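Trainee: What follows is the residue order along each chain.
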Amino acid sequence: MTAFFSIILRDCRLSWRQGASSGMSVAFFIIVVSLFPLGIGPEANILSRVSVGVIWVAALLACLLSLDRLFQADYEDGSLDQLVLSVMPLEMTVLAKSIAHWMTTALPLIVIAPLLSVFMNMPAEGMWPLLSAMLIGTPGLSFIGSIGAGLTLSLRRGGVLLSLLVLPLYIPFLIFGVMAVDAAIGGFEPAPHLMILGAFTLTSMVLAPWAAAAALRLGLE
Amino acid sequence: MLIQQFQGHGLSCVRGERLLFAKLAFQVRAGQLLILKGRNGAGKSSLLRMMAGFLAPYSGHFSLDDVTNDQDRDFFRQSIQYLGHKEGLKSDLTVTENLKFWASLNGVPTAGERIQQAMTQLHIHDLADLPVRYLSSGQTRRTSLARLLLRDDVPIWLLDEPVVGLDHDSRDVLATIMQSHLQRQGIIVAATHQDLGLKNVQMCEVQLDEFVTAPLIEEGV
Chain Z
1 MTAFFSIILR DCRLSWRQGA SSGMSVAFFI IVVSLFPLGI GPEANILSRV SVGVIWVAAL
61 LACLLSLDRL FQADYEDGSL DQLVLSVMPL EMTVLAKSIA HWMTTALPLI VIAPLLSVFM
121 NMPAEGMWPL LSAMLIGTPG LSFIGSIGAG LTLSLRRGGV LLSLLVLPLY IPFLIFGVMA
181 VDAAIGGFEP APHLMILGAF TLTSMVLAPW AAAAALRLGL E
Chain G
1 MLIQQFQGHG LSCVRGERLL FAKLAFQVRA GQLLILKGRN GAGKSSLLRM MAGFLAPYSG
61 HFSLDDVTND QDRDFFRQSI QYLGHKEGLK SDLTVTENLK FWASLNGVPT AGERIQQAMT
121 QLHIHDLADL PVRYLSSGQT RRTSLARLLL RDDVPIWLLD EPVVGLDHDS RDVLATIMQS
181 HLQRQGIIVA ATHQDLGLKN VQMCEVQLDE FVTAPLIEEG V
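Heads up: the protein sequence lines correspond to chains Z and G, in order.
Here the first sequence stands for residues 1 to 221, numbered as in the working numbering.
Here the second sequence stands for residues 1 to 221, numbered as in the working numbering.
Take the hints with a grain of salt, since some may be wrong.
[Unchecked claim] Listed next, with one range per pair, are the computed distances between beta-carbon atoms: (1) G:GLN27 to Z:PRO108: 53 to 59 Å; (2) G:ASP153 to Z:PHE5: 41 to 47 Å; (3) Z:LEU164 to G:LYS23: 39 to 45 Å; (4) Z:MET24 to G:LEU130: 25 to 31 Å; (5) Z:LEU207 to G:CYS204: 44 to 50 Å; (6) G:VAL164 to Z:ARG157: 38 to 44 Å; (7) G:GLN183 to Z:MET1: 32 to 38 Å; (8) G:VAL164 to Z:PRO108: 55 to 61 Å; (9) Z:ARG157 to G:ASP169: 26 to 32 Å; (10) G:LYS23 to Z:MET1: 41 to 47 Å; (11) Z:PHE5 to G:ALA56: 29 to 35 Å; (12) Z:PRO108 to G:THR68: 55 to 61 Å; (13) Z:PHE4 to G:ASP153: 47 to 53 Å.
Bear in mind the hints are in silico, worked out from the structure with no lab data behind them.
Note that this is a predicted model, so its numbers are computed, not measured.
C-beta: ideal position from N, C-alpha, C; glycine also.
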C-alpha cells in the first residue's frame with residue numbers, strides 16, 4: 001500500500017515541480033469556455049441554456065490534453081521499465097497513476113468550474129449538481145484515458161489518435177454529467193443521474209487498469 | 001531468496017521482421033557472471049530485455065531453477081533487477097527523492113539508512129539534494145547504480161553497458177559492488193564491450209554473433 005501512495009505522491013510532486021501541465025489544463029479550460037460567449041454573442045438566455053454542456057465538453061478536452069504524457073514521460077526516461085519490474089502489480093501502478101492524473105488535472109478544473117458557471121450565466125440551482133457530477137464523473141475520465149495513453153505509448157505523435165480512441169468512450173460521462181445538472185435546474189432530482197455517473201466511474205476504475213496494463217506490456221516490446 | 005541457476009533454452013529473437021539470433025542457449029549458476037558479447041545490433045540489449053520479461057521471446061524460454069517464465073511471471077519479476085540504457089530517474093526530483101521513491105515502491109526495509117549507505121558508497125552523498133537534471137551523465141549513472149545497492153537481496157542483476165559514462169574510480173566502485181553481489185551467490189548478466197575490472201570471479205561468456213544464422217529465416221526458424 002505504501003508503494004501505491006508513493007506513486008501518487010511522486011506524480012503529484014512531479015506535476016507540481018513542472019507546474020506547466022496542471023496550469024495548462026486549467027488555462028485551456030478557461031479559454032475554451034470563454035470563447036463561447038464571444039462566439040454566440042452575449043445573450044444571457046442562450047448562454048445559460050448551453051452553459052452546462054460547454055463546461056462539460058471543455059472539461060473533457062482539458063482532461064484529454066495532459067493524457068498523452070501519462071505514461072510517455074516515464075517511457076522516455078526508462079522509469080516505466082522499472083515500474084513494470086517492481087514488486088507492485090502493473091495494474092495497481094496504472095491505477096495509482098490515473099488517480100494522480102485526476103488529482104493534478106481534473107481537481108483544479110473542478111475548483112475553477114463555479115467561476116466559469118457564473119461567467120456562463122448558469123442558473124444557481126445547478127451549481128452543486130455540477131460540482132458533484134464533476135467530482136463523481138472526472139475520475140472515470142482519467143481511468144478510461146489511461147487505456148488510450150497505454151495504447152499510444154510508443155507512437156511519436158499519439159495525441160490525435162489518443163483523442164480518437166478515448167473521446168467516444170467519454171460520451172456516457174458527458175450525457176449523464178449534463179443531465180444531472182439539467183435535471184436540477186428543471187426542478188427534478190439529480191441523484192439518479194449522479195448514481196449512473198458513479199456506476200460508470202466505478203466500472204472504469206475496475207476495468208481500465210487491466211486494459212491499460214496489457215497495453216503497456218505490448219508497448220514496451 | 002537464492003537462485004541456483006538461471007537458464008535460457010532455444011531462444012530466438014525477431015525485431016522488425018529481422019531475425020537477430022536463433023537457438024541461443026545459456027546457463028549461469030549462483031555466484032557467476034555471464035557476459036554477453038557481440039557486435040552492435042547483435043541483440044545484446046534485446047536478450048537482456050527478454051530476460052527481464054519486457055520482450056517475449058520469438059521461441060524458447062527461460063528458467064530459474066525449475067520454474068519457467070511461462071509458469072510464474074511474478075517470480076521472475078521479483079528475482080530480477082534491470083539496469084538499461086535509460087536511467088529511469090526523474091530529472092525534476094532530487095537524488096534522494098528518486099531513491100526514496102524506488103525504495104518505497106519495492107518495499108525496501110529501513111530505506112533511509114540504506115539510501116545513505118548507498119549514496120556514500122557511490123560518492124553521491126553531496127549531491128543528495130540536487131535535482132537529477134543538474135547531474136552529469138556519470139553522476140546520473142551512479143545514482144541509478146545506487147538502486148542496485150538498495151535491493152541487493154534480488155538475486156539476478158541484468159546490466160546493459162554498466163560502465164558507460166563512468167570514470168575510473170566509479171568503475172572500481174561498480175566492480176566492488178558486483179564482486180560482493182557474486183560473493184553473496186548472486187547472478188549477474190552484463191552486456192558490455194569493455195573490461196569490467198573484476199578479479200577472481202567465475203565468468204562465462206555468450207558470443208551472440210555465433211547464433212546469427214541467416215538461412216534460418218527461409219526455413220521459418
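Trainee: All hints are to be evaluated individually against the structure, with a verdict given for each.
Mentor: Structure-based check of all given hints:
In this structure the supplied range 53 to 59 Å holds for GLN27 (chain G) paired with PRO108 (chain Z), their Cβ-Cβ distance being about 55 Å. In this structure the supplied range 41 to 47 Å is violated for ASP153 (chain G) paired with PHE5 (chain Z), their Cβ-Cβ distance being about 23 Å. Range check, LEU164 (chain Z) to LYS23 (chain G): about 42 Å between beta-carbon atoms, so the 39 to 45 Å window is met. The beta-carbon spacing between MET24 (chain Z) and LEU130 (chain G), approximately 27 Å, falls within the hinted interval of 25 to 31 Å.
In this structure the supplied range 44 to 50 Å holds for LEU207 (chain Z) paired with CYS204 (chain G), their Cβ-Cβ distance being about 46 Å. Distance hint check for VAL164 (chain G) and ARG157 (chain Z): the Cβ-Cβ separation is about 30 Å, which falls outside the suggested range of 38 to 44 Å. Separation of GLN183 (chain G) from MET1 (chain Z) is about 35 Å and conforms to the stated range, judged on CB atoms against 32 to 38 Å. Range check, VAL164 (chain G) to PRO108 (chain Z): Cβ separation about 41 Å, and the 55 to 61 Å hint is violated.
The hint said 26 to 32 Å for the Cβ distance between ARG157 (chain Z) and ASP169 (chain G), and at roughly 43 Å that hint is violated. With their beta carbons about 45 Å apart, LYS23 (chain G) and MET1 (chain Z) fall inside the hinted range of 41 to 47 Å. At roughly 32 Å, the beta-carbon separation of PHE5 (chain Z) and ALA56 (chain G) lies within the given 29 to 35 Å, and the hint holds. Taking 55 to 61 Å as the suggested C-beta distance range, the pair PRO108 (chain Z) and THR68 (chain G) does not conform, at roughly 48 Å.
For PHE4 (chain Z) and ASP153 (chain G), the Cβ-Cβ distance of about 22 Å falls outside the hinted range of 47 to 53 Å, so the restraint is violated.
The structure does not agree with the numbered hints 2, 6, 8, 9, 12, 13 stated previously, though it agrees with the rest.
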